[in-house]
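2 protein chains.
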Amino acid sequence: MKFSKHIAQLTLDCVIFGFHHKKLKLILSKLKLAKEIYALPGGFILQEEDIEDAAKRILFERTGIQDLYLEEFGTFGRANRISDEDFQLFSGIAGDLYPDVEPPINENNQKMRIVSIGYYALVDFEKVIPQKIDLDESCDWYDIKELPNMIFDHQEMAHKGLQVLRENLDKKLLFNNLLPETFTMKNVQELYETVYDKPFPANNFQKKMLDLQILERLDKKYTGAKSKAPYLYRLKPRT
Amino acid sequence: MKFSKHIAQLTLDCVIFGFHHKKLKLILSKLKLAKEIYALPGGFILQEEDIEDAAKRILFERTGIQDLYLEEFGTFGRANRISDEDFQLFSGIAGDLYPDVEPPINENNQKMRIVSIGYYALVDFEKVIPQKIDLDESCDWYDIKELPNMIFDHQEMAHKGLQVLRENLDKKLLFNNLLPETFTMKNVQELYETVYDKPFPANNFQKKMLDLQILERLDKKYTGAKSKAPYLYRLKPRT
DNA sequence: CCAAAAGTGTTCTGACTACACCCATGA
DNA sequence: TCATGGGTGTAGTCAGAACACTTTTGG
Chain L
1 MKFSKHIAQL
11 TLDCVIFGFH
21 HKKLKLILSK
31 LKLAKEIYAL
41 PGGFILQEED
51 IEDAAKRILF
61 ERTGIQDLYL
71 EEFGTFGRAN
81 RISDEDFQLF
91 SGIAGDLYPD
101 VEPPINENNQ
111 KMRIVSIGYY
121 ALVDFEKVIP
131 QKIDLDESCD
141 WYDIKELPNM
151 IFDHQEMAHK
161 GLQVLRENLD
171 KKLLFNNLLP
181 ETFTMKNVQE
191 LYETVYDKPF
201 PANNFQKKML
211 DLQILERLDK
221 KYTGAKSKAP
231 YLYRLKPRT
Chain X
1 MKFSKHIAQL
11 TLDCVIFGFH
21 HKKLKLILSK
31 LKLAKEIYAL
41 PGGFILQEED
51 IEDAAKRILF
61 ERTGIQDLYL
71 EEFGTFGRAN
81 RISDEDFQLF
91 SGIAGDLYPD
101 VEPPINENNQ
111 KMRIVSIGYY
121 ALVDFEKVIP
131 QKIDLDESCD
141 WYDIKELPNM
151 IFDHQEMAHK
161 GLQVLRENLD
171 KKLLFNNLLP
181 ETFTMKNVQE
191 LYETVYDKPF
201 PANNFQKKML
211 DLQILERLDK
221 KYTGAKSKAP
231 YLYRLKPRT
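So the sequence lines, in the order shown, correspond to chains L and X. Each residue of the first sequence is one higher than the one before, counting from 1 in full-length UniProt numbering. Each residue of the second sequence is one higher than the one before, counting from 1 in full-length UniProt numbering.
No lab work stands behind these hints: they were computed from the structure. Quick caveat: nothing in here was measured; it's all calculated off a predicted structure. Quick reminder that beta carbons are idealized off the backbone N, C-alpha and C, glycines included. Keep in mind that the hints are not guaranteed to be accurate.
Said to hold, decoys possible - What follows is a list of derived Cβ distance ranges for each label pair:
#1 Arg57(X) - Pro230(L): 38 to 44 Å
#2 Asp211(X) - Lys132(L): 50 to 56 Å
#3 Phe60(X) - Ile65(L): 58 to 64 Å
#4 Lys186(L) - Lys127(X): 54 to 60 Å
#5 Tyr222(X) - His159(L): 49 to 55 Å
#6 Glu126(X) - Glu107(L): 28 to 34 Å
#7 Ser4(L) - Lys132(X): 33 to 39 Å
#8 His159(L) - Glu146(X): 49 to 55 Å
#9 Asp219(X) - Lys22(L): 43 to 49 Å
What the hints assert, rightly or not - Only pairs whose alpha carbons sit at most 30 Å apart, straight line, appear in this in silico DSS-like list of lysine-lysine:
#10 Lys198(X) - Lys171(L)
#11 Lys111(X) - Lys111(L)
#12 Lys228(X) - Lys56(L)
#13 Lys56(X) - Lys111(L)
#14 Lys186(L) - Lys221(L)
#15 Lys111(L) - Lys186(X)
#16 Lys186(X) - Lys30(X)
#17 Lys226(X) - Lys172(X)
#18 Lys186(X) - Lys236(X)
#19 Lys132(X) - Lys5(L)
#20 Lys160(L) - Lys171(X)
#21 Lys56(X) - Lys208(L)
#22 Lys171(L) - Lys208(X)
#23 Lys171(X) - Lys198(L)
#24 Lys172(X) - Lys207(L)
#25 Lys172(L) - Lys221(X)
#26 Lys171(L) - Lys172(X)
#27 Lys172(X) - Lys160(L)
#28 Lys207(X) - Lys172(L)
#29 Lys160(X) - Lys220(X)
#30 Lys5(X) - Lys23(X)
#31 Lys5(L) - Lys5(X)
#32 Lys198(X) - Lys172(X)
#33 Lys228(X) - Lys208(X)
#34 Lys30(X) - Lys208(X)
#35 Lys171(L) - Lys160(X)
#36 Lys160(L) - Lys228(X)
#37 Lys207(X) - Lys160(L)
#38 Lys172(X) - Lys172(L)
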């Protein structure tokens, strides 16, 4: 066999961000290993598959959502990105899921590097129950501020993903799965404050959002709170 | 042999931009093929090599410059990024340069996709004579506005590289090899006008550049032209 | 009427634009 | 002294930030 069903030394890992009520989380798998260690959802890429389609496939496997907004944020290819310890831990189980892929060990029993492409996506974590796959002991949402011990350079990938998410969040809002159908300006503000981890003054924030021309104002929302009822908004249908 | 000396289905291609006197060029190889077709300088990645080091190695091979500023700008992995025609053209010669890498054909004689990582770099093209390698009939600078027929999706890669170069050119200037040791403000302005392919008003441009606090004003330059002598500048030593 | 939260208006600043103007230089 | 190109100054516009203020709501 010259070529396996999957590309041998290239994987794809996804930083799936979930937002809800001032919390920013991401999906991690707890791996079925002796040591407690976590990984970004990822996998190998099929030979006939566009890389972006592979990312969509992995995202669908884990979230059940078909058409998610996603973006590539970088390639991770340091020669030593897989430590010896992680390699030994992981190589035992990877073959179960990808029997076609040769374990990354050369004829001298040295580990070989696997390059990973990073993608991120955005969802509302109240709407998505992370699905585990065979390699996972469990799969769940973890707060970005309290990330557990992660395998390979996955922690670095998660941070790079967040950094790219923060660039032009305005444009990304257009596609999102982060907010419900209708929402208040406060909801949007909390989303921004959570992603950027800093406060935004409400009046300036509102002006800026409205100036973007992407929100449509609807009726007011009467919650029964003893305060003024906020307007509801929805994303303008894209032209 | 389970693994070759190079990673099998992953390559790296470099968009090496060269600037001089209102011209923006990039290095292309004319391949030793029946058809006249050009390629970005690129190559496979060694198993033990950081990807960024592989990019530096390729850049050094082609330009003779060791420590070039470079940046990754994306991954190119469409399943059909290599057309049947390009595949047939190229597969004949690739084996000469990389005898260790299996030709990307599966057992059913179907071509397999190779994923490529894009890097770009910046130089002054008057200072660099592009070096050809075995696969090349020639290797030279080509104007970005008059790109010849390019193999695979290399044209798309070149344009994406330019797009990323345009983002934050200010910061990239700090590292560059684009300008001589000392230069006039007009030189810098022409660089910007060439990269962005649009004019900048001279007075506002000067103010903006000086506000960046990265230029140090030196003595005037007396060229013998019958006009006021411009100041010379140099990049402030980085702290 | 009051507290709480929503929403608006006004001013200030700093970046960028456009326009007009002055200065040095060699012919 | 004049044309040429280098360099500076000022006013207008626009997005953000900071501040104070008014409005709506249910108790």
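Notebook entry, point to check: What are the numbers of the hints the structure violates, in ascending order?
Noted result: 1, 3, 6, 8, 9, 12, 15, 16, 17, 19, 21, 24, 25, 28, 29, 30, 34, 36 and 37
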